[in-house]
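Undergrad: Given next are the chains, with one letter for each unit.
2 protein chains.
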Amino acid sequence: MTAPEPDMTASPADLAKRHASRLEEALHACATREQWSPFKESPSSKIHGETRPAEGKAGFEALLGKAFELDQPGTVGTVVHEVSPYTLEPLGIAYPKSDPDALFDAARAAMKPWDKLSPDERAGVCFEMAFALEEQAFINAHATMHTAGQAYLMAFSGSGANALDRGVEALAYAYKAMADVPRVAEWEKDFGRTGRVRLKKSFRLRARGVAVVVCCATFPLWNAYPAVFANLMTGNAAILKPHPNGILPVALAVRRMREVLVKAGLDPNMVLLAADEREAPITIELLKHPACAIIDYTGSQRFGAWIEEHCADRLVYTETAGCNAVVLDSFDDIDACLGGLANGLCGFSAQMCTSPQNIHIPAQGVRVQGEAMDFEAVATRIADAIADRTASPARAAGLCAAVQAEQSLELIKEVRERVLAAGGEVLLDSRPYAHPDFPNARTATPLVVSVDASQIDLYGEEVFAPVCFLIREASSEAALENAARIAAERGAISSYLYSADRDFIADAQDRFADAGASLWINMDDRMPINFAAAYSDYHVTGLNPAGNACLADLAFVANRFRIVQFREPVPAGAAQ
Amino acid sequence: MTAPEPDMTASPADLAKRHASRLEEALHACATREQWSPFKESPSSKIHGETRPAEGKAGFEALLGKAFELDQPGTVGTVVHEVSPYTLEPLGIAYPKSDPDALFDAARAAMKPWDKLSPDERAGVCFEMAFALEEQAFINAHATMHTAGQAYLMAFSGSGANALDRGVEALAYAYKAMADVPRVAEWEKDFGRTGRVRLKKSFRLRARGVAVVVCCATFPLWNAYPAVFANLMTGNAAILKPHPNGILPVALAVRRMREVLVKAGLDPNMVLLAADEREAPITIELLKHPACAIIDYTGSQRFGAWIEEHCADRLVYTETAGCNAVVLDSFDDIDACLGGLANGLCGFSAQMCTSPQNIHIPAQGVRVQGEAMDFEAVATRIADAIADRTASPARAAGLCAAVQAEQSLELIKEVRERVLAAGGEVLLDSRPYAHPDFPNARTATPLVVSVDASQIDLYGEEVFAPVCFLIREASSEAALENAARIAAERGAISSYLYSADRDFIADAQDRFADAGASLWINMDDRMPINFAAAYSDYHVTGLNPAGNACLADLAFVANRFRIVQFREPVPAGAAQ
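Protein chains in written order, with my numbering: chain L, 1 to 576; chain A, 577 to 1152.
Read the hints as simulated data drawn from the structure, not as lab findings. All C-beta atoms, glycine included, are put in the ideal place defined by N, C-alpha and C. A couple of the hints might just be wrong.
Here are the simulated distance ranges between beta carbons [claimed, not checked]:
hint, chain 1, residue 1, chain 2, residue 2, range
1, L, Asp101, A, Arg1061, 38 to 46 Å
2, L, Lys57, A, Gly768, 17 to 25 Å
3, L, Ala31, A, Pro666, 43 to 51 Å
4, L, Asp105, A, Pro857, 43 to 51 Å
5, L, Arg193, A, Pro666, 31 to 39 Å
6, A, Ile860, L, Gly265, 46 to 54 Å
7, L, Gly265, A, Asp1079, 23 to 31 Å
8, A, Arg684, L, Lys46, 28 to 36 Å
9, L, Asp105, A, Asp1083, 18 to 26 Å
Could you put together the complete structure from these sequences and hints?
TA: Written out as structure tokens, the structure reads:
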């Protein structure tokens, strides 16, 4: 364990006080769903000073090729697995390989003292963790870049402040659900002949058990923070299982959270790491462990469905992947709208769960300020907007970043071949671009192909790669219907509509509501169209195959704890 | 459908207004957990007038031997099954036999207009239903007596006002969970170079689909009302599947709720009946139907576990059965305490999910006001208290009522034989008592046997019959440990402790909390010890095999609906 630091004396009660006003603000933001964040989103030196960015980079580099120090129980070996998508070099970091039984035993033991903390104290500790994690945002940015392949800015904000905000959001929801249960009550009732009886009642919140949090490769922490804080708040310990190529950000986070626990005088085993390698996976062993009570999963739809089916005796929360649609109908400002869309198609090489993939376009084209624009012209505009954004290596680097997995390049190749074989057209080919800072980076500009609506076997699944299908539909209505049906049947996390027609928009809202999918309308180039704001956007509906949970709502937290009750008569003579 | 009545004009909006203050009161009661009820619990003629009780009885008798009029879709035949535990005569009532596909189709169609109602309107309609159901409390009392075997008073209050209160409690929780989601929001954020972006967001609550509510034989409506109201509030239609011998109370309730829906101008198929016979069960077909989204189950632990395992792709809420323990340690007022306990052992012939069964008694006896009382003396006291309560047929009738199923009599026989074969002792034998009003009634006074703690194969399962095990334990601590372990491993809904020692009570609370079981302490004879108060007691913890849900808490309702979101930029020129 790291040496105790001077502010060792901050007890959970102190931390509850320290962060009480922030908890209030978070609860307020969840209710109003206005923009709010207690974290710094920008890595600018103007905010952080000149030295912090360089220290972060140096800190990351100092970790390479060494054993990662993490003092936790049950270490039985080491795991060395990660390769940087930017350098294609192994990171060479050796993490503890853990014995699952020892992890679960340690986690269960840690839950006993944690059980005694009030919700306010738990919130205080979790907030303290969040700010401690923010302190390492620079090192985390480099760790995220070199595992997930994100660009520096996204790795700093999207995997830093924005992800922490999601954790605090879940914290607030858990607090709210627990606050709904009073701790004591008096109850009095007239039982006729025997007279009035008074009962003193007390209610104790109980955790369920140990949670296993399965993280994904491209956003290692974005769903991990909400899961960890939802679990800690409700009394459950969390074992984090990172993707084999995304261990470092998770390991850094686990270590930091454990340090905060120790400083608060608590058992650090409320948060544990279970790293593995692709060749020796331990996920199923963890999920099937008798002591695993809760599963929080982010990753592929296939494994998510497997978990939902085979781990039904645990509480299971999943966020997987969607076949995200865009319906084009009509535009007031086509440049701004297609600009926003092109940004979304390029952003992090479409490796986000919210990335658009399928652009449903009426064969007769769209209306632009009332004028007709044919399919080919719209398609060319989209391809041009993407070509424009990827022409300069510097711009491509900032927007597309790196491709996390070699398989994504294979997928691009496969899609190209299958589309051409089926008579579709490649409108803009994918190519590697030369990253200005990392000459060996695994990169790919988006592949843009056009297919017919009938060729659903080409576009009807999520392709985890920068691939965009322009789908020729019979009409706007047909486009809407096809997109909504795919959302319902194949899953969607974010769907997009561009229309200048209020009636069409209203109809689309009804259809997507029936499909159980959320819809972003006319999102233009003034912000990333697929930005998901903590405290404001309900991320994932849970109504389609893209996941069964929303991060965060009351359903995400209310069942993670249960209520045990005691009652006893008040002696007849006792005061009212 | 029944003919429209004069107050046909009460729209959902009218009903929302009519019941708004009651909704506030229900929400308040859930928060304070004080006693509250808008319903009349007593069947006294002083409250209801002289004619209502007789009308109720006559109304019940008029139903016998006839077709039950219920105009709902998909009727493909009739179901005639029920036999009265009081007369052992068939009721001869013929209910519609339904085609499941037609029921699900009708339910799904009904959900579309219902979807448009606000939570307040839904609450208004549900409250209106509850009061309409209260109006038929007398006929329901007779229907419940002659199917479940309950005594008249319990059938009137326990299956009337008390059950409706549980429905309203679930309604209030659903309202609260839905109120947590705002319907619109404005969100504004600075995106640096592109400036501030404002988004208008809207949030739409979506139902999950059709719920199947499986009711039990002995309390046909007690868990049905909470399930139905939780589902209706959150937008889900409910198909009620009664126990083959408990159709009438459910059919009466379904018909009444459908009438209220019609009067409010709504599709009555939000509530449907699916009756079956033991020889041709349809429960599994309903639960496995592709359109079944939610299962609310009350019944045996075995079938409940089957559902949890095999219907994991649905939302499943279960309340099954527990092996409810009583731990005896010490007493201040042993007469009042053992009197309360004896009432609990006799009450409705122990056919309640809250009925005590296993009395764990230290071999060296208990302390009574500081004095020792040996095991045999305590055992004799308990047996005597039961004998005393069952000596007079009139008193036995009011307390023990009738035995719902012939199998319960078989169980008594089996337990007697197994206990004697294993060297245990029968301290008080079970016998039929002569019911003063129904000479053919299926009755049985409690069987009281004594066994050793080691003989868990004799007492370690719920015996659904009036059977009470006095279990000889090494010490109070051993009694506590054994009782808590059985609660955790075999399930418990209500557990009981009698102790005058505050330290022992505190220890017991910790042990039962760890076991995931609620504990009622020193409950004496001034009220039924196993009375579960809506709005106040959290019924079932969900932490042990006696069920996975609590009726009601936020977890019981929060996942029955989901959130679909829309968002759109506010044009740059729009007003703040």
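Undergrad: Aspartate 105 of chain L and aspartate 1083 of chain A, beta-carbon distance inside 18 to 26 Å?
TA: holds, 24 Å
Undergrad: Is the hinted range of 28 to 36 Å satisfied by the C-beta distance from arginine 684 of chain A to lysine 46 of chain L?
TA: violated, 57 Å
Undergrad: Quick check on a hinted range of 23 to 31 Å for glycine 265 of chain L and aspartate 1079 of chain A, using CB atoms only.
TA: holds, 27 Å
Undergrad: With 17 to 25 Å as the target window, see if lysine 57 of chain L and glycine 768 of chain A comply at their CB atoms.
TA: About 22 Å separates the Cβ atoms of lysine 57 of chain L and glycine 768 of chain A, which means 17 to 25 Å holds.
Undergrad: Quick one: are arginine 193 of chain L and proline 666 of chain A within 31 to 39 Å, going by C-beta?
TA: holds, 37 Å
Undergrad: Tell me if the beta carbons of isoleucine 860 of chain A and glycine 265 of chain L are separated by a distance inside 46 to 54 Å.
TA: Roughly 53 Å apart at Cβ, these two residues keep to the hinted range, so it holds.
Undergrad: Falls inside 38 to 46 Å, the C-beta gap from aspartate 101 of chain L to arginine 1061 of chain A?
TA: violated, 22 Å
Undergrad: Given the range 43 to 51 Å, decide if the beta-carbon distance of aspartate 105 of chain L to proline 857 of chain A lies inside it.
TA: holds, 44 Å
Undergrad: Between alanine 31 of chain L and proline 666 of chain A, does the C-beta distance stay in 43 to 51 Å?
TA: Hint violated: Cβ distance 57 Å, outside 43 to 51 Å.
When each numbered hint is compared with the structure, violations occur for hints 1, 3 and 8.
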